[in-house]
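Visitor: One-letter residues, chain by chain:
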Amino acid sequence: MKRIFIDQEKCDGCKNCSFACMQAHRQTPGTVYDLDLLDPKNEARHSIVTNGKGGYVPVFCRHCAVPDCAGACMSGALKKDPETGHIQYDEKRCGTCFMCVMSCPYGNIKPDRVSRTKILKCDFCVNDKEEPNCVKSCPKKAIHVEEVVWEAAV
Amino acid sequence: MKHLIIGVGAAGISAARTILKEKPEDSVVLVSQDEEVYSRCMLHKLISGERDAAGLNFVNDGLLEHKNLEWIKGKTVTRLEAATKSVYAGDEKIASGDTILIATGANSVTPPIGELRTAKNAFGLRHLPDARGIASCAKNAKEVVIIGAGLVGLDAAYALLELGKKLTIIEMAPTVLAINLDAHAAAAYQKLFEDKGVVFHLARKVVNTRGDGRGNITAVELDNGSLIPCDMVVMAVGVRPAIGFLEGSGIKTERAIVVDDYLESSEPGIYAAGDVAGFSGVWPNAQKQGEIAAYNMCGTKWIYDDRFAIKNTVNFFGLLSLSVGAINPADGDEVLVKEDRLNYRKLILRGGVPMGIILQGEIGGSGFWLHLIKNKMRIDNRGKSVWKVSYADFYGTQQNGEYKWVV
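Chains Z and P, in that order, are what the protein sequence lines are. With our numbering applied, the first sequence covers 1 to 154. With our numbering applied, the second sequence covers 1001 to 1407.
Pulled out of the complex, with its shape left as it was, chain Z reads as follows (with noise of 0.2 Å):
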């Protein structure tokens, strides 16, 4: 499976990754030089976070191996793709208990803030057929994609 690597210390926080996630996700027409930003429901789907000494955490979800975010999931809305191995996310099924928000250990899954219906999580750009958008977009290439080994499901 293919999984975003992070090399940390290339960060420097510019964000061009949470534009390109909030931009890729966006319901409304528009180039990211229209985007909303300050749009509850242009969320990104990964944080960048501060260390305090002047770096910078990028947390964006490992599609993991074991995922606790499926394994938490009553509804089965929560599916790690047998073929591409990605955690995919289908809103119909979801029963919006948030048990996954509370299992993912990394705090990538959040409710999503304005209609408390869903959840916002990584989808791995899976409507494009090139690599996700922020690591397209990512000036430093602190986020890159690797394949992975991971064993197929039934």
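Calculated from the structure, these hints are not laboratory results. Predicted model only: the values in this text are computed from it and were never measured. Careful, some of the hints might be misleading.
DMTMM-like mimics (lysine to aspartate or glutamate), calculated; alpha carbons at most 25 Å apart, straight line [unchecked claim]:
| no. | chain 1 | residue 1 | chain 2 | residue 2 |
| --- | --- | --- | --- | --- |
| 1 | Z | Lys92 | P | Asp1026 |
| 2 | Z | Lys79 | P | Glu1264 |
| 3 | Z | Lys41 | P | Glu1362 |
| 4 | P | Lys1021 | P | Glu1264 |
| 5 | Z | Lys129 | Z | Glu9 |
| 6 | Z | Lys129 | Z | Glu146 |
| 7 | P | Lys1139 | P | Glu1036 |
| 8 | Z | Lys2 | P | Asp1061 |
| 9 | Z | Lys92 | P | Glu1025 |
| 10 | Z | Lys79 | P | Asp1380 |
| 11 | Z | Lys79 | P | Glu1402 |
| 12 | Z | Lys118 | P | Glu1050 |
| 13 | P | Lys1388 | Z | Glu43 |
| 14 | Z | Lys53 | P | Glu1402 |
| 15 | P | Lys1338 | P | Glu1402 |
| 16 | Z | Lys53 | Z | Glu9 |
| 17 | P | Lys1338 | Z | Asp112 |
Chain Z is fixed; fit chain P onto it per the hints.
Guide: Then chain P, alone, in the frame of chain Z:
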């Protein structure tokens, strides 16, 4: 090898999936009282009419159609013979296996009070037939009494409000959601329900019922003498592991099945997972136990060590809460509280280690608290306010790109 799994809840299904992944040549026989696979956490959505039974199915892959899986549904196991690893419904032998996983879950407790156990209009809320019974009875009911204001009781209340019923909720504890939240966080939910017209009687017990002489309860009597008229009663006062059929099987039970670190019972080759294993009934743990039992049934020794289960999330009317660990402090604990119009946050610290957290309002990205609390990780020495601590403070990556915790 043939593996027999009794029960199609979180533990049984995850075990079946894991076995067929680990040992594609092995076969799995699922035996269940349930005729359908459904998520118990969503039964209230059937009552409210939001979803049909198919909409409660949590199996999201082709597991049940797997060529090496046979599902015998609608059979209630009444006896287990450990020596031959066989299960029976009455005199009929249903199935046998080289290993057995008992994942029969739990049944709701019915208090031995008045006609609660026998009345036609009194229901628990645990199985799909319960939810169907409530939905059907609700068609002709105007006033409903719910006994118990825990998550299940309030789920039932939420659904019955959707149907426009007049509700009275009776709870022994002085607050709603007493197992999950402190009094302050619980009061926020109580108010939301009261705003919809629900009447609560807290710190009260039901001591008797009145009936119409034809098997229907018409009122419940409280310990202060008051009478609450009703056309239907929903009991949500807890569950008991479904282990009655193990009597005489030789499998050691206490309140639940006694298992070792590998989730194996006193009888070799017979395992238990989920509510019947007696740890705690939260979904993520039941699912994980099913997985671990499955590995052990396949011969890969896995220890079940992630037993921490004092955790839950609550969502009613869009007000979200997350609660992990202690909800109230012990002597000497430090309690930090932050509150604004939309949020209530309470953190209990002991020697710099988080013992419990309640977040109400915004809970996004807060999953790291569970890891910090269950692993007793110190957070007061990270050079910042404990409210600013997150996984980023313990950040590290492995060669395969997965994260690790660096202290």
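Visitor: For every hint, state whether the structure bears it out.
Guide: Outcome of the hint check:
The hinted pair formed by Lys92 (chain Z) and Asp1026 (chain P) fails the criterion: a straight-line CA distance of about 33 Å is larger than 25 Å. Our distance criterion of 25 Å between C-alpha atoms is broken by Lys79 (chain Z) and Glu1264 (chain P), whose separation comes to about 28 Å. Simply put, Lys41 (chain Z) and Glu1362 (chain P) have alpha-carbon atoms about 15 Å apart, close enough for the 25 Å limit, and the pair holds. Simply put, Lys1021 (chain P) and Glu1264 (chain P) have alpha-carbon atoms about 20 Å apart, close enough for the 25 Å limit, and the pair holds.
At most 25 Å may separate the alpha-carbon atoms for a hinted pair to count; Lys129 (chain Z) and Glu9 (chain Z) exceed this at roughly 28 Å. Taking the CA atoms of Lys129 (chain Z) and Glu146 (chain Z), the gap is near 16 Å; set against the 25 Å cutoff, the hint holds. Of the pairs offered as hints, the one joining Lys1139 (chain P) and Glu1036 (chain P) holds, with about 23 Å between alpha carbons and a cut-off of 25 Å not exceeded. Pair hint Lys2 (chain Z) plus Asp1061 (chain P) holds up; C-alpha atoms about 21 Å apart against a cutoff of 25 Å.
With a C-alpha separation of about 34 Å, the suggested pairing of Lys92 (chain Z) with Glu1025 (chain P) is violated against the 25 Å cut-off. Distance check on the hinted pair: Lys79 (chain Z) and Asp1380 (chain P) sit about 36 Å apart at the alpha-carbon level, beyond 25 Å; violated. Distance restraint check for Lys79 (chain Z) and Glu1402 (chain P): the Cα-Cα separation of roughly 18 Å lies within the 25 Å cut-off, and the hinted pair is therefore satisfied. Annotation: proposed proximity of Lys118 (chain Z) to Glu1050 (chain P) holds, straight-line Cα distance about 16 Å (limit 25 Å).
For the hint linking Lys1388 (chain P) to Glu43 (chain Z), the alpha-carbon distance of about 20 Å falls within 25 Å, and the restraint holds. Distance hint between Lys53 (chain Z) and Glu1402 (chain P) is fulfilled; the C-alpha atoms sit about 24 Å from each other, no more than 25 Å. Only pairs whose Cα atoms come within 25 Å are accepted, and Lys1338 (chain P) paired with Glu1402 (chain P) is rejected, the gap being roughly 33 Å. Under the criterion of a C-alpha separation no larger than 25 Å, the hint pairing Lys53 (chain Z) with Glu9 (chain Z) is consistent with the structure, at around 12 Å.
Under the criterion of a C-alpha separation no larger than 25 Å, the hint pairing Lys1338 (chain P) with Asp112 (chain Z) is consistent with the structure, at around 22 Å.
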